[in-house]
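Asks: Quick note, the sequences are listed as chains A and B, same order.
Numbering-wise (UniProt numbering), the first sequence opens with residue 1 and increments by one.
Numbering-wise (UniProt numbering), the second sequence opens with residue 1 and increments by one.
Hints listed in this document are in silico derivations from the structure and should not be mistaken for laboratory results.
Virtual Cβ for every residue (Gly too), placed ideally from N, Cα, C.
One thing to keep in mind: the hints can contain errors.
Claimed, not checked - Residues from chain A that face chain B, not an exhaustive set, calculated with beta carbons under 10 Å:
#1 E10
#2 I64
#3 E111
#4 S114
#5 Q120
#6 I121
#7 D122
#8 V126
#9 H169
#10 G170
#11 E183
Claimed, not checked - So the derived label-pair ranges between C-beta atoms look like this:
#12 L115(B) x F198(A): 52 to 60 Å
#13 S71(B) x R38(A): 32 to 40 Å
#14 G13(A) x G17(B): 16 to 24 Å
#15 F191(A) x L73(B): 42 to 50 Å
#16 G13(A) x K10(B): 31 to 39 Å
#17 N217(A) x I137(B): 27 to 35 Å
#18 F175(A) x S142(B): 47 to 55 Å
#19 G17(B) x F41(A): 36 to 44 Å
#20 Q4(B) x F198(A): 54 to 62 Å
#21 S142(B) x F191(A): 41 to 49 Å
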Amino acid sequence: MTVYIKNIFEEAGDMTQFTLRFFKELLKPVFQWREFSRQCFAVGYKTLPLITITGFIMGLVLTIQSRPTLLKFGAESWLPSMVSLSLIREIAPVITALICAGKIASGIGAELGSMKVTEQIDAMEVSAVNPYKYLVVTRILATTLMVPLLVIYADFVGIYGGYIGYNIHGNMTLFRYFSDVLEHLEFLDLFPAIIKTFFFGFFIGLIGCYKGFNASNGTASVGIAANEAVVAASLSIFIIDMLAVQLTDLFF
Amino acid sequence: METQPVIVIKDLYKTFGENEVLKGINLSVNKGENLVILGRSGSGKSVTIKCLVGLVKADKGEIKIFDEEVSALNDDDLNNMRVNIGFMFQNGALYDSMSVRQNLKFALKHHTRNLAEPEIESKIMEALENVGLAESIDKMPSELSGGMKKRIALARAIIIKPKIILYDEPTSGLDTITSREISELILSVQEKYKASSIIITHDMACAKTTGNRILILNEGEITAEGSYEELEKSKDEWVHSFFI
Ligand SMILES: Nc1ncnc2c1ncn2[C@@H]1O[C@H](COP(=O)(O)OP(=O)(O)OP(=O)(O)O)[C@@H](O)[C@H]1O
Ligand SMILES: [Mg+2]
Chain A
1 MTVYIKNIFE
11 EAGDMTQFTL
21 RFFKELLKPV
31 FQWREFSRQC
41 FAVGYKTLPL
51 ITITGFIMGL
61 VLTIQSRPTL
71 LKFGAESWLP
81 SMVSLSLIRE
91 IAPVITALIC
101 AGKIASGIGA
111 ELGSMKVTEQ
121 IDAMEVSAVN
131 PYKYLVVTRI
141 LATTLMVPLL
151 VIYADFVGIY
161 GGYIGYNIHG
171 NMTLFRYFSD
181 VLEHLEFLDL
191 FPAIIKTFFF
201 GFFIGLIGCY
211 KGFNASNGTA
221 SVGIAANEAV
231 VAASLSIFII
241 DMLAVQLTDL
251 FF
Chain B
1 METQPVIVIK
11 DLYKTFGENE
21 VLKGINLSVN
31 KGENLVILGR
41 SGSGKSVTIK
51 CLVGLVKADK
61 GEIKIFDEEV
71 SALNDDDLNN
81 MRVNIGFMFQ
91 NGALYDSMSV
101 RQNLKFALKH
111 HTRNLAEPEI
121 ESKIMEALEN
131 VGLAESIDKM
141 PSELSGGMKK
151 RIALARAIII
161 KPKIILYDEP
171 TSGLDTITSR
181 EISELILSVQ
191 EKYKASSIII
201 THDMACAKTT
211 GNRILILNEG
221 EITAEGSYEE
231 LEKSKDEWVH
241 SFFI
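Please model the complete structure; the sequences and the hints are all you need to start from.
Replies: Written out as structure tokens, the structure is:
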């Protein structure tokens, strides 16, 4: 038990150091633009189909499921705005982030883990390339930038899914549906939801890189790194989400 | 010619947990010299050269390259020093997300900035022709055999024309003919670039061809030193056993 607790603290300490190093290296010159854009592309390319499908289904299903309840209160006209608010504030960010945790954090964990195990990271270091700057900084920045963009995309796809769901029983043009949604949308619905997605992205990249970079030797540790990355990243998403809700509640 | 050492290691100690790997290594490599290190598996040969480039932090001891203490360098100075060192890893350590061309280009581009594209291309071709693998330029590492990976790793280590080259078993896993070619390549690199090298090997033919001087490492200590001919005639049974 004490060993277990000690491990948790040790890991937390290591991780904090890893994070501090990120900010230190970020400020040093020679930013690897090419690797950064390659990573951004990879993040988008790997997750876009999944996010499209899940986003669409979420919007559709949510609309269909909510209709009977709203109908009971005679508030069917609230359906578009209610569904899109839940999507924008909560569902799209969390689902998108979870998909990225499953797809991106594990991918980064496995990739860096195998590079570590096969001495590719050492090889980089002896070629006078700072592997932290080249591999870690670019990946963390890529996820921090891309996850919010993907969330915004998921918002749109989800709302469109809601539109399709609405029209199973109702009859509304796409234009009217969207203007109805936008009319009820406030700054406070959007702003905190977008801010938290940057943190989701940051932690997905950070945890993936940390687990990969610290893979011990041996091929088995590559699988472990990938697996731990998914678990830790998913967990961190829920924790950040909870903190974000509390903070918004406190300040606004 | 006055011989001046480019690499000096004094009293190097390294322990991994309970495992005392290096127990006071002393060695030096003179300018333009090829030093061969022999030793049984697990005797600490790879660890020694990893300490040399700062990949492994030694517990105790002095490591000087070009008269500079490696452990005292900050990150930038360490990188400035590494630019002059070619390192061939025992298992190749090719970047497996990159093709052969990109592997070599990566080493080159981060070594000398602002190289023109045609110049890069011709250097890559030259390096690949040296190891006889020009036709594999667009292959991915996963498509190469073990020996081919080794030769690409060698090409990647020498493409930057380093002043110091560290070879970790350059000929292991290769057939005798290719081994001989690689040994000759190492010799010609020594002559062409006036490079100083450490060559770790189990291959006595390679040691004989390439080595100006040979060290034998046994359980973290250097137990014998001399030219190939001297050691071959050694009365010491243990030293002699390497040459049978
Ligand atoms: N990163 C590490 N962590 C823990 N122990 C290590 C590490 N690297 C090497 N060792 C240990 O150091 C010892 C020497 O390893 P080294 O790789 O130097 O052997 P070697 O002489 O190169 O052998 P071989 O000829 O098989 O390559 C081994 O016992 C090994 O277990
Ligand atoms: Mg070795």
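Asks: Evaluate each hint against the coordinates.
Replies: Cross-check of the supplied hints:
With its C-beta approaching chain B no nearer than about 16 Å, E10(A) sits outside the 10 Å limit, and its interface hint is violated. At about 43 Å, the closest approach between the beta carbon of I64(A) and any beta carbon in chain B exceeds 10 Å, and the interface hint on this residue is violated. Look at E111(A): its Cβ gets to within about 7 Å of chain B, closer than 10 Å, so that hint holds up. Annotation: S114(A) was flagged as interfacial toward chain B, and the flag holds, the nearest CB pair being 8 Å apart, inside 10 Å.
Given the 10 Å rule on beta carbons, the hint for Q120(A) holds: about 5 Å separates it from the nearest Cβ of chain B. At its closest, the beta carbon of I121(A) sits 9 Å from a beta carbon of chain B; the interface hint therefore holds under the 10 Å criterion. Satisfaction of the interface hint for D122(A) is found here, the shortest Cβ-Cβ separation to chain B being roughly 5 Å, below the 10 Å cut-off. Hint status for V126(A): holds, given a least beta-carbon distance of 4 Å to chain B, under 10 Å.
The beta carbon of H169(A) is not positioned within 10 Å of any beta carbon in chain B (closest approach about 50 Å), and the interface hint is therefore violated. A cut of 10 Å between beta carbons decides the hint on G170(A): the least distance to chain B is about 50 Å, and the hint is violated. The beta carbon of E183(A) is not positioned within 10 Å of any beta carbon in chain B (closest approach about 48 Å), and the interface hint is therefore violated. One distance hint, 52 to 60 Å for the beta-carbon pair L115(B) and F198(A), is violated here, with the actual separation near 37 Å.
Restraint check, S71(B) to R38(A): a C-beta distance of roughly 35 Å satisfies the suggested window 32 to 40 Å. A C-beta distance of roughly 20 Å is found between G13(A) and G17(B), which places it inside the suggested range of 16 to 24 Å. Checked against the hint of 42 to 50 Å, the pair F191(A) and L73(B) passes, with Cβ atoms roughly 47 Å apart. At about 34 Å, the beta-carbon gap between G13(A) and K10(B) stays in the expected band of 31 to 39 Å.
The hinted range of 27 to 35 Å is satisfied by N217(A) and I137(B), whose Cβ atoms lie roughly 31 Å apart. The hinted window of 47 to 55 Å between F175(A) and S142(B) holds, with their beta carbons roughly 51 Å apart. Judged by the Cβ atoms, the range 36 to 44 Å given for G17(B) and F41(A) holds: they are separated by roughly 42 Å. The given range of 54 to 62 Å is respected by Q4(B) and F198(A), whose C-beta atoms sit roughly 55 Å from each other.
Judged by the Cβ atoms, the range 41 to 49 Å given for S142(B) and F191(A) holds: they are separated by roughly 47 Å.
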